[in-house]
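Here are the chains, one letter per residue:
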Amino acid sequence: MLFVPIPCQTLNITSFELPNGLKVILAPSNDMQTAAVCIYNMNGARTDPADGRGISYLYQFLMFDGNENLESYDHVLFINKMGGIVSGRVSYDNSIFYEVLPASEINVALWLESERLKSLRLEDKNIDYHKNEIFNRINRMWESNLNFKAQTWISAKIFEGLPYAYPLFGDLNRFRALNNDRIRDSYRKFQNLSNILLIIAGKFDINELKAGINKFFQNIPTGKKSPEVVPNAASQHGIYSVKNWVIPGLKTNYTFYGIKSPGKISYDYVFFDFLRYYLTDPRCSRLEYILNKLNKINVEIVGSFTDYFESNALTIQLSCSERINLEKAKYILGQEFLALTMKPISNAELKAIRSLMEIDLYKGSYNLEERCLRIGEFYHMFGEVNFLDLQLRRLRKITTYDVMESAKKYFKKENQVILNVYDE
Amino acid sequence: MSMTNKHFPAPKFRLFMVWTIFFSLFTFQLAAEARQFSFLSSKGLPIKVLQQNEMPFVHAQLLVFLDGEKQNYNSLLISQLTFMNMFARELNLPSTNLLDSFFRLGNDYQVEQTPEYVTISLNFLPDRLAAFTKLLKEIYTYQSFHLKKFNLSKEKYWSFFIKNRDWKKEIAFLLAYQQMVGNFYFSQGLMVQEIVNSINLAQLRSFYLKTFRPDNSLLILKGNINPYIALGQIERDLPVSPPAPAKNKKEEVTPNSSRRIFVLNSTVSDAPMIYWFDEAPAMSEADYLPFFIGNFTLFGFPGGRIYQSERSQFFLGGYKVSTDIFSLKNFTVFCNYLRLNYNDLENFLFLVDQERKKFSARPVVKKEYLDALNYYLGRAQVETGNFEYGMQQVIDRFQSQPASLSQPPRGPELVREVTFERVVQVMDELMGYKHRAGIREKGIIVLIGNANLIMNALKIFKADVIELRMD
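For the protein sequence lines, the chains are A and B, in the order given. Letter 63 of the first sequence, counting from 1, is numbered 63 in our numbering, and no numbers are missing. Letter 45 of the second sequence, counting from 1, is numbered 45 in our numbering, and no numbers are missing.
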């Protein structure tokens, strides 16, 4: 063996806290000329009150709609003009907003983020505009996108009793009636600095960066304290449900399998993640192999995963114009789930999938946006910042026994919901 | 973003590679200190290693050159079918030794094709170097062409072609490229099943033997890798190339991008797409950058002239144009594209034409030049965070002929050489001057959508309709 296996990679991650409670995490890389500035907010849609669902989702759009010193979308234009990338999203467990830009311009991103934290524009005019925009967009999707409808149904069933059961925008019929004063008031809790991480990755000069952070962030008021949400692994309880939708004139028949799976905070997460790769990742998909190559059924297979903290849903969508083939595919899929609980996968498969997962983990840690997100999530869940070491160690220890045990636990019938969508 | 579902990365088996890395000229200054090693193996395989120890995995690209193959419709389909038969996961049951080798390395691979070469990209862990060199051997000694598989690949050609890819852009580029090099005419329609059916297995085998040879390839490795150990392993496993076939004398390609408008009739019920192709100097030429700046002045967002004029003159809805750049050996193809409504098609084409013509009367102004340069330099720095960064630059340098090309400006030289005056001059030569001199308007335009609706929308512009039969 000429090549020695490399040890676990360690990212050099450090952190400190400003007097106003803002936690700063630094993850430098000297092999590039770019940097990412990320605001990781430990609030998300799950912290919305029951009668105010959708408020946090609105912030996703309002964040780009100007503030005291910047006009609407100036933030985006500033970064675009210097060749950078700007994006953001609000999820259930968290929200992130980031800029990737030339390392030499890092102070511009710090300034833009601080402006947004200090004085987001929350006037009736722009809140109403976004309420209407979101309402119209979701309404259009609801009318035209079968997948969206199916996913909403599956989430409601799988996550019953959990904050993920409701769409991010809450109840669409009530969305436009959300009170604007309440939206403004909630923002003060949403942007409470003790719930926010400022994560900076990539190339930077540490002294200049610290000076920039002090200049732009140290005078931001702490904000209104929001109740702390401590994520916990959700308990498993039977959810089995089958539903048929009949849509006249449908050219393709669909079956959606929703499988309730462990949240990211759970010890089992990595084992189930292995199963997800094994069954549905297009680069190694076992389902593609058994359904289309071995049995020549010719069904389309699409897998998606929710990636939440407390509980998750793996959705496997099978589609085919011929109903008989779809029924065959469902039978074979059931047999495959059963086989996974009884017979260990081969060592060659285990090694290959572990390699693939490890490569993806490395790619994720190299990419600055994803690195910021992973650091933020890891800190949010476990209070630690060095995500890579631990995740690699756990990944490399996966055995065929772990995979079989995970299949036994999560592929049982009472853990599934099935939605069939057929032509008449 | 209403859901946070994590969609799995799609497998990529693209036949045309889109080089969105505009910035290869800057690698010397910006990339962070990847040490580069160059070798030529005793079997004739050129190897470039970019050693970057902070990158914890290895990214490999094996390029197999298609030079010497006359680019006509048949040879194009032969090469596409060869790559499908060798690399498409869906086709290979039982699995071949080649696909087993990929699987052992984690199966994170994709195959893409430009008119000039095919690229097999792969990511693997540094401790799997031995398995990687065995994979190289499998690629060069492949013997698993079988009639059954071959027939299936022909039967399902379209479904494989369009799976998980931006097939519209690829077909538009294919059409524009062929129009530029002028090797065939699509009188029979584009990629019709009858022509696919006329290809036989012997043609694939013959193509493979001529093309898949270490001395017709380039291997680039980037990441945490010891270059000397890599070379030793490759030397051990790589097969000897069979005697090289006599190469046809390469014809120098003189691209012709005179104005043609094609309409590809597609039954897919999306809004129509416009792809606007321009031929530009090769990336390794000094005039490439002035062209980039000129193109940004026209199509850039939000400061570009077209975006600015959309609302004020044509009441269009603020369409944002995207730009991809295809880097070829002797020239570059700029592809500016967007999706828009049928009703706006003609207005948009008219607007672009009008703004291009204005270059003669209203050349690039200083602010536009500075904005474009600022964007270019910034983007070049942002690209260094991509793990594939630097690969295209190695390919461009490998392909370029230093004797015939002027050295491209770099770093501080850039601002000295690509001056405002130079940009104005180049854009005037490429658009303004030629237009004034009455030479035919340039730019190949491909519209994809419902041909009836498109033709109804086009009142002034004349277009050729080509049937796109996705049988």
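If you are wondering where the hints come from, they were derived from the structure by calculation, not from laboratory data. Just so we're clear, the structure is a prediction, and the values are computed from it rather than from any experiment. One or more of the hints may lead you astray.
Stated by the list, open to error - Here's a subset of chain A near chain B, in silico, CB distances under 7 Å, partners left out:
1. L162
2. K251
3. T252
Stated by the list, open to error - Straight-line alpha carbon distances no greater than 25 Å define the calculated BS3-like cross-link-like pairs of lysine-lysine that follow:
4. K412/A to K328/A
5. K358/B to K81/A
6. K328/A to K366/B
To be verified - From the derived model, a few chain B residues whose C-beta atoms are all more than 12 Å from chain A:
7. R89
8. S159
9. Q354
We treat Cβ as the ideally placed atom computed from N, Cα and C, and that holds for glycine.
Evaluation of the interface hint that places T252/A against chain B, nearest CB under 7 Å: With a closest approach of 14 Å, the T252/A hint is violated.
Proposed proximity, K328/A with K412/A (alpha carbon, max 25 Å): Holds, at roughly 19 Å.
Hint consistency between K358/B and K81/A [alpha-carbon to alpha-carbon, up to 25 Å]: holds (24 Å)
Holds or violated: K328/A to K366/B, with C-alpha atoms at most 25 Å apart: violated (66 Å)
Q354/B and chain A, when compared Cβ to Cβ, separated by more than 12 Å: Its Cβ never comes within 12 Å of chain A, the nearest being 25 Å, so this holds.
Interface restraint verdict for K251/A against chain B (beta-carbon cut-off 7 Å): violated (12 Å)
Cβ separation check - S159/B to all of chain A, threshold 12 Å: With a cut-off of 12 Å, S159/B comes too close to chain A, as the shortest Cβ separation is near 9 Å.
Given as non-interface: R89/B, which should sit over 12 Å from chain A by C-beta: violated (7 Å)
Restraint satisfaction for L162/A [CB to CB of chain B, less than 7 Å]: violated (14 Å)
Hint violations for this structure: numbers 1, 2, 3, 6, 7 and 8, all remaining hints satisfied.
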